[in-house]
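> Listed below, chain by chain, are the residues.
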Amino acid sequence: MVTAEYVLFVTIAGVMLGTFYGLATIGLSFTFGILRILNSGHGSFVMIGAYISYWCFALLGLSPLVSSLLAFVIGFFIGFALYHGLISRVLGGPELISLVLMFAFGIFLQEVAKFSWSASPRGFTWGLGSINIFGYEYPLTRLIGGVVSAVIVLVLYVFLFRTKSGNAIRSVVEDPEGAALCGVDVSRVYAFSLAIALGLTVASGALSTLFVSGGIEPYMGDPYTTRAFAIAVLGGLTSPFGSFLAGLLFGIIENVSYMLLSLAEVGNPFSMTRFLTFAMILLVLLIRPQGLLKR
Amino acid sequence: MIVLDIRAHRSLIILFLVSLTLLFVRVGIPETRQVLSILFFYIALSEVFNLFTGLTLYVCFGYVAFVALGMYGGGATIKYLLSISSPPPLALVLACAFAVAGILALILALAVGWISVRLKGAYFAIATIGLNEGLKNLIEGTGIWGGSSGLVIANDLIQAYNYDTFIFVTSELADYLIFTVYAVTILCIYLVIKSRLGYGLAALREDEEAANVMGVNVVRYKLIVFVISATLAGMLGAGKMIKDVAIYPPQAFAVSYTVEAIVISMLGGLGTVTGPVIGGLIYGILKYELTVSFPGLQLLALAPALMAMCVMFPYGIVGWLRRRFKGSKIESLLI
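Chains as they are written, first to last, in this note's numbering: chain A, 1 to 295; chain B, 296 to 630.
One thing to keep in mind: the hints can contain errors.
[To be verified] Below 25 Å or equal to it, Euclidean Cα-Cα: the simulated SDA-like pairs (lysine to any residue) are:
1. K415/B to S120/A
2. K415/B to F115/A
3. K621/B to G92/A
4. K582/B to G61/A
5. K621/B to K114/A
6. K582/B to I333/B
7. K582/B to Y138/A
8. K164/A to K415/B
9. K114/A to L377/B
10. K415/B to I287/A
11. K114/A to R617/B
12. K415/B to K114/A
13. K415/B to P94/A
14. K415/B to L286/A
What the hints contain is simulated information worked out from the structure, not anything from laboratory work.
Keep in mind it's a predicted model, so treat the numbers as computed, not measured.
For reference, chain A alone in the conformation it holds in the complex (with noise of 0.2 Å):
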């Protein structure tokens, strides 16, 4: 039986697994947006960010939020790397070159962990126990981790839209030689950019643990990758904040239709799920090509 306040805690649900989406995909479309990289090693960076807290509460006891933090500063300094060591490399070359380099990278980093940590699956219980929402017992590490998705986001904004640096940014996404012109030093902007996009996606990686707590491991990241890829894209791609509120409604309709399809009894709900969202962006894809957002 569908009540009005099982709908209403499902969609909560939805929020809070949607406002981690959005911090997951976020990094993605910075990177697309600014330096017109595709980041197709994506979900290893989460990987790296799962297994940063996890080592983090087995080893020092510290709390995913804790980690998290961690998480982006190691993050930020492998955005800084990679791109004084290979990308600055290939910019002016093709295109396609930047999305073979990233993933070879994604792939590197998997083996590196595999190699270093091994591929059977970890993972710890942060628990805090739960909380009732409508008369539903909902975990309060869930709660949370919503909620500190949202703070880093709204951090994020405020950064690009108050401060000289991220004037800086967004000046470069409008015009690169523009920018250049009125002194703004693009290959710095580069460089930083792809350090804060990393920064945040290992750090949504580090969050990760707070929505599931097994299965860490170095090939946990490819559902991410595709994931984050029908996000970005269905809030266009180059604009952060479009795919932090795609993130936010794949998570509702995610959850609200798992519920129906349990309900219908059609097939697997799980697979399911997942071919509905996807057919769903064909969909926007076919409405608007340029994202919910663009005008």
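Since chain A is already given, all that's left is putting chain B on it; use the hints.
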């Protein structure tokens, strides 16, 4: 006439002869058989991929969906035909499998292509990733074609014919079928490059909007090569199904196939006929050697090698060779 003028097409003929030699090396030296059959599948896959991506510079991440659909279509056809009380001759069964695989891929490509070729650049790439995931989840979710438990045709083949025929079909005939798809694909790319369609696509690669303004129907041109390449991908899938005699959704829809096709084409040189062959040989042998010498760690070594190659040869090895030997005979061979 295309066929008569041998000198004008000598580069294609040489490439074909080299490929044919490789095919027979695998018969002559049994140790190389396994490596070379895998290699040919990857080269064929990259050529098929290259037919669309190389000529339009649009990346289709959903390629493996067409291969998987071909595998399913071919497999289901074989299963159905063999379940009839008196199984028809083997050649007819295989021909039907290829036809069904090609037709299914063609229909899917028309439906998806009609929407997605209107999209530009990266949007297209991402739209096609949805194709792959969508089809996989549809099969797993509704349980058609065996759903998540997969489709296996090994027993059907053994029961309908006999064990020796089964071994011959899977270990010999399948390789020749895959080779045939490969040969047809290089011929297709060659003909497309030399045709009006190819010139239109070259204009599109340089500047899509300018090409559109100059009267090139970009959407139609993209759709044509997309559909040709997807149909060939479906047939390649039928060949792979005959070789593997089984298909399971997680492996069949693994994005790594598409990515390996991208890597091989880019390594060799996008939009060239010889590129995927050279790229495939280098990538395949490197991967095989690394697997033999560092089992379990091959990807750890392969990834940095790929990154280095991206930085060193941004236009692929064929692109690099063409510049290096500009104006000489070698350049004219590197089609």
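> If a hint holds in the structure, say so; if it doesn't, say that too.
Hint check results:
Only pairs whose Cα atoms come within 25 Å are accepted, and K415/B paired with S120/A is rejected, the gap being roughly 40 Å. About 39 Å separates the Cα atoms of K415/B and F115/A, which puts this hinted pair outside 25 Å; it is violated. A C-alpha spacing of about 22 Å is found between K621/B and G92/A, which places the hinted pair at or below 25 Å, so the restraint holds. The hinted pair formed by K582/B and G61/A fails the criterion: a straight-line CA distance of about 41 Å is larger than 25 Å.
Our distance criterion of 25 Å between C-alpha atoms is broken by K621/B and K114/A, whose separation comes to about 44 Å. Straight-line distance between C-alpha atoms of K582/B and I333/B comes to about 11 Å, which keeps the hinted pair within the 25 Å bound. A hinted pair counts as satisfied when its Cα atoms are at most 25 Å apart, and K582/B with Y138/A does not qualify at roughly 47 Å. At roughly 32 Å between alpha-carbon atoms, K164/A and K415/B are farther apart than 25 Å, so this suggested pair is violated.
Taking the CA atoms of K114/A and L377/B, the gap is near 44 Å; set against the 25 Å cutoff, the hint is violated. Using a Cα cut-off of 25 Å, the hinted pair K415/B and I287/A holds, with the two alpha carbons roughly 14 Å apart. The straight-line distance between the Cα atoms of K114/A and R617/B is roughly 39 Å, outside the 25 Å bound, and the hint therefore fails. A C-alpha spacing of about 37 Å is found between K415/B and K114/A, which places the hinted pair above 25 Å, so the restraint is violated.
For the proposed pair K415/B and P94/A, the alpha carbon gap of about 16 Å is at most 25 Å, so the pair holds. Restraint check for K415/B and L286/A: the C-alpha separation of about 12 Å stays at or below 25 Å, so the hint holds.
Taken one by one, the earlier hints fail for this structure at numbers 1, 2, 4, 5, 7, 8, 9, 11 and 12, listed in ascending order.
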